[in-house]
Amino acid sequence: GEPIMVKQEPAVSPSAGLLSREGSFFYTVGGRDVHTAFTLDVDPATGKTMGSPRILAGPTGFTPESAAWSPDGTKIAFVSGRNRFRGGGDVVLTVRTLASGQDMEWKVPSETAAVLSWSADGSGIYTSVSAGTNPSEAKTELHFTSATSGESKALATISSTGIYAVRPAPDGNALLISCGRGPNNPARVGKAIRLDLANGQQAEIIAEGAVSEIAFSPDGRQLAAID
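Following the numbering used here, the numbering of the sequence shown begins with 27 at its first residue and continues without gaps.
Keep in mind that the hints were calculated from the coordinates and are not lab data. The beta-carbon is built from N, C-alpha and C at its ideal position, and this holds for glycine as well. There are no misleading hints in this set.
Straight-line alpha carbon distances no greater than 20 Å define the calculated EDC-like cross-link-like pairs of lysine to aspartate or glutamate that follow: (1) K101 with E177; (2) K101 with D129; (3) K101 with D67.
Computed Cβ-Cβ distance ranges for the label pairs, DEER-style: (4) P70 with D245: 17 to 23 Å; (5) A241 with F64: 15 to 21 Å; (6) I232 with S172: 28 to 34 Å.
Starting from the given sequences, assemble the full structure and let the hints guide the process.
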């Protein structure tokens, strides 16, 4: 016969549903990858890990999803989400001072995808914000948020589904950006661009499709890529 509506939910994944013999329906909610941020101790002498990963504690009711250490290692910035679904829900950016445990928190756009890195002087944090839902015309905004006031501004719009890494260029006048298209795996299409901070112009360093992902060294003078 014809299907009958039993219950409507905004984000039920049918493939993850399970109907019990007693008639209970178990399901997952969410239409995107779920990420969780952890911290892990490393022995500075050997480089080996010590102990087990610990989930980064975020605001009550929120799940930390992405994090980055400040250049001097005294602070950590991370975004936490609540009721995340297809770019919706609530997202908070937290800057935590490790010595005091003090947090500064600011609400950021619900489309915020990840904390990418800090600026070289530690004054602020770069984040990626999804812009547009059409895969063929995917765009991602690069945002900069002050680490002291929470004031945020959009620096540029990148033609890609995601920004993976940001580093200051050696001359200090530009940002080196790793970005790309496709799912988060080694087969995706990646590219590298240089964003001039003075005029906002973007220059392609590595053409799209040559590699799948690119990481820049801290000083911006070298890069590693997965082909």
